[in-house]
Amino acid sequence: MTVTPDSPSELNRRTVLRRAAAVGLLAAPAISALAACASEDGEGGTTAEKTTANPFGVGDKQPLEVAFFNGGFGEDYAKFDVAAYEAKWPGSKVELKFSKTILTDYQPRFYGGNPPDVLNNSSPETIPVGPVVQGGQLVDLTALLDAPSYDDPAVKVRDTLVAGVVEEGTFNGKMYTLNYAYSIYGHWYDEALFAKEGWTVPKTWDEFATLAEAAKKKGIAAYTFQGIHPWYIHNVITEWIYKVGGKEAILKIDNLEPDAWKQDAVKVAAERIAEMASKGWIQAGASGLDHTTTQQAVLDGKALFIWCGSWLEGEMAKTLPASVKLAVAPPWDLSASDKTKYGTVHAAPGEGFIVPTKAKNPAGGQEFLRMMLGKEQARKFAELTKSLPVVKGAADGLTISSALSSASKVAAAAPEVINWRYAGWYVPLQNAVFAAATDLAAGKSSAAAFQAAVQKAADEVAKDDKIVKQKAS
Amino acid sequence: MSFGRARFITGFLFAPIVLYAVYVLYPYGQTAYYSVTDFSGFSPDYAYVGFGNYVELFSDEVFLRALGHNVVVLTVYPVVTILLALFFAFMLNVGGRGDKAGVRGVRGSSVYKFIFFFPQVLSIAIVAVIWRRVFQSNDGGMINSLLMKLGLVEKDKPLLFLAESDSVFPPIHIGDFTFEAPVVLVCLILIAIWGGVGFYLILFSAAMQSIPKDIFEAATLDGATRVQTFFRVTLPLLREHVSVAWVYLGIAALDFYALVVGMTPGPGGGGPNDASQVMSSYMMSNAFRPARFDSFAFACAMGVSIAILTLLFAAAQLRLTRSRDKIEF
Numbered sequence: 077m078t079v080t081p082d083s084p085s086e087l088n089r090r091t092v093l094r095r096a097a098a099v100g101l102l103a104a105p106a107i108s109a110l111a112a113c114a115s116e117d118g119e120g121g122t123t124a125e126k127t128t129a130n131p132f133g134v135g136d137k138q139p140l141e142v143a144f145f146n147g148g149f150g151e152d153y154a155k156f157d158v159a160a161y162e163a164k165w166p167g168s169k170v171e172l173k174f175s176k177t178i179l180t181d182y183q184p185r186f187y188g189g190n191p192p193d194v195l196n197n198s199s200p201e202t203i204p205v206g207p208v209v210q211g212g213q214l215v216d217l218t219a220l221l222d223a224p225s226y227d228d229p230a231v232k233v234r235d236t237l238v239a240g241v242v243e244e245g246t247f248n249g250k251m252y253t254l255n256y257a258y259s260i261y262g263h264w265y266d267e268a269l270f271a272k273e274g275w276t277v278p279k280t281w282d283e284f285a286t287l288a289e290a291a292k293k294k295g296i297a298a299y300t301f302q303g304i305h306p307w308y309i310h311n312v313i314t315e316w317i318y319k320v321g322g323k324e325a326i327l328k329i330d331n332l333e334p335d336a337w338k339q340d341a342v343k344v345a346a347e348r349i350a351e352m353a354s355k356g357w358i359q360a361g362a363s364g365l366d367h368t369t370t371q372q373a374v375l376d377g378k379a380l381f382i383w384c385g386s387w388l389e390g391e392m393a394k395t396l397p398a399s400v401k402l403a404v405a406p407p408w409d410l411s412a413s414d415k416t417k418y419g420t421v422h423a424a425p426g427e428g429f430i431v432p433t434k435a436k437n438p439a440g441g442q443e444f445l446r447m448m449l450g451k452e453q454a455r456k457f458a459e460l461t462k463s464l465p466v467v468k469g470a471a472d473g474l475t476i477s478s479a480l481s482s483a484s485k486v487a488a489a490a491p492e493v494i495n496w497r498y499a500g501w502y503v504p505l506q507n508a509v510f511a512a513a514t515d516l517a518a519g520k521s522s523a524a525a526f527q528a529a530v531q532k533a534a535d536e537v538a539k540d541d542k543i544v545k546q547k548a549s
Numbered sequence: 002m003s004f005g006r007a008r009f010i011t012g013f014l015f016a017p018i019v020l021y022a023v024y025v026l027y028p029y030g031q032t033a034y035y036s037v038t039d040f041s042g043f044s045p046d047y048a049y050v051g052f053g054n055y056v057e058l059f060s061d062e063v064f065l066r067a068l069g070h071n072v073v074v075l076t077v078y079p080v081v082t083i084l085l086a087l088f089f090a091f092m093l094n095v096g097g098r099g100d101k102a103g104v105r106g107v108r109g110s111s112v113y114k115f116i117f118f119f120p121q122v123l124s125i126a127i128v129a130v131i132w133r134r135v136f137q138s139n140d141g142g143m144i145n146s147l148l149m150k151l152g153l154v155e156k157d158k159p160l161l162f163l164a165e166s167d168s169v170f171p172p173i174h175i176g177d178f179t180f181e182a183p184v185v186l187v188c189l190i191l192i193a194i195w196g197g198v199g200f201y202l203i204l205f206s207a208a209m210q211s212i213p214k215d216i217f218e219a220a221t222l223d224g225a226t227r228v229q230t231f232f233r234v235t236l237p238l239l240r241e242h243v244s245v246a247w248v249y250l251g252i253a254a255l256d257f258y259a260l261v262v263g264m265t266p267g268p269g270g271g272g273p274n275d276a277s278q279v280m281s282s283y284m285m286s287n288a289f290r291p292a293r294f295d296s297f298a299f300a301c302a303m304g305v306s307i308a309i310l311t312l313l314f315a316a317a318q319l320r321l322t323r324s325r326d327k328i329e330f
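Residue numbers (the numbering used here), protein chains in the order written: chain B, 77 to 549; chain W, 2 to 330.
Be aware that one or more of the hints could be misleading.
[As the list claims (entries may be wrong)] If you anchor each label on the Cβ, the simulated ranges turn out as follows:
#, chain 1, residue 1, chain 2, residue 2, range
1, B, A524, W, L84, 42 to 52 Å
2, W, R8, B, G167, 57 to 67 Å
3, B, A219, W, L20, 20 to 30 Å
[Stated by the list, open to error] Calculated cross-link-like contacts (lysine-lysine; reagent style BS3-like; alpha-carbon spacing at most 27 Å):
#, chain 1, residue 1, chain 2, residue 2
4, B, K355, W, K158
5, B, K176, B, K436
6, B, K292, W, K158
[To be verified] Just some of the chain B residues that point at chain W, by a computed CB distance under 7 Å:
#, residue
7, G150
8, G211
9, I296
10, G500
11, P504
I should point out that these hints are in silico values taken from the structure, not numbers from a laboratory. Glycine included, C-beta positions come from ideal geometry on N, C-alpha and C.
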């Protein structure tokens, strides 16, 4: 073989690259021209008169495109909803699409100005509402809230929804997202194991501490968390802050008030997690494990409690031993002077639906959502997905699963149902809590370090004028 | 080259060049353009903002940390991979005992070649699954269970590996810039080396096989030991190949995206606490988990910076290792 320098042709790689780079730079300004064309497309779609029976003025034979997320809730309820719409609006052909990656599949269509009429904005990666609202690309769903409900024209849609739906979907003071599923969160445990050992669910920190030491003697960790997915532990600490400090404390956090994370409630909640870690009550190595491994630890009797949503049973169905009876407990009292009573439950609407302004048939899109909020469809959703919809009383009398009944019972008995907003509004702040809370639970940090790290992130968000601020109340 | 020949070649290259222009160059240009705007990725309305994104980028704490991590990978990964690949290639081709049969590799060298090359045929997703098991942070993990059986690690204090953000040496602070090597990053580098050695082993093997055997035999006759043969004969003749390997590995080190996203904690990887964040993973989390309305443009600025850094690296590398005199054989 002969080792020679690069062959001396005119068309060597480097020259081609150099020339091509020049071409690329010239092409760039053309993009804005293309973009300008894309934004020309107008509203359109409303062709009929608005009446009580047809509050959005859905035109006859207007095609509709709806895109659903294909995840834990499956495809069946979407197909049911589409069939119902086509039955009510004969001649309106509904194009139903499913996606596992909403952001990847639908971002180009927002940019291109031809989004679908209804989009189920859910998945690990969703279309971020903030930037899209700022671009004026989402329909304000206030008209939907004030429209007559599908079952009873005398009742507004707004009044058929459980508390919190409007607040959860609100951005810049208007509701842009309709969250359709209602999740109840809490600490899940195996009732059968507790019965066998003669343990009771703790109501105070001292009871929890006694239980944790008893479990430790048996080689069981009292607590575990979904390690590498920090969303879960960030919920635990926020829930605990609310438990200790009440709504007042969480509002300071949501509204980015100065030193919100320096409050005593934050200190107590963080200290409790640090204490669990330092006393060896948390499953060893949990910070490096994933959600299924740690959730399985509870099912296998290796850990007592794990914080999760009401989807837990469905998620773990394949590996759930028959002997295990999952139940949920509200957070126990963390101090003697908690501002909220024992039994307070964290519950929130999720699984968002949006209607883009640049859709061809936004009236049809809103009508589709109005129908989804009808009694029959909401009930079908509960049956098919074993989850609760946001429609009041939709699942009454349905026996769906023992875990979900346990969750519903806990929620019904709750003196206060809690939720917070900062996590959805301020990604950098949520990221900071992700990292700092994981460090706490891994036993690598202290309450003071947690408070300092998160406060720093909160201050940065507060002074960054490129992040649109929201107001919680 | 005659004009006719150029036209002939261009004719054949027409389709690939069009594809390259549409799917590679045009997006490059687009990215560069967006990086000086406040583009959100969703709305076709955006404004020119000058070089603000770049100014912000180089005062962004996480980006500088990620850059530091890339530098660590860049200093360790190529060197170790090349040294190991060279050593193995030498052993497999000329490292065997010299006897009447002349110069040859160690016994069973074809089996070793297969074993070393094997990781190369696995997709990165499979590599991630396998190694997550190996590094799992409880008694279910391969290394942890082994160490627990040996009594070196306590059962309730398993090693965290991929969830360990502590640096293996005390972090060095230079202004805003932190130089550190978190355990999780070291784990990723080990996996990358494991996956990369096989490919470069084959590359160097092929190069060594093209070196005439008589050169090695002459060295042996002159009484050169294996070590001397390696440093005085093999290495100088492989200079070009090592240089190419260095550039490839350097580019891979400045990327490192797949391993970080596939294996590390946190949304989109990069955790714990940004300890394994590299420039490419941070870019993706800005583009697709936006913190503010112009995050996409900010991510574009990151993309352009990564491209420039990579080009500078490759140019410097090629210049440094360019051989001045060619050896013909």
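Hint numbers the structure violates, sorted upward? 3, 7, 9, 10
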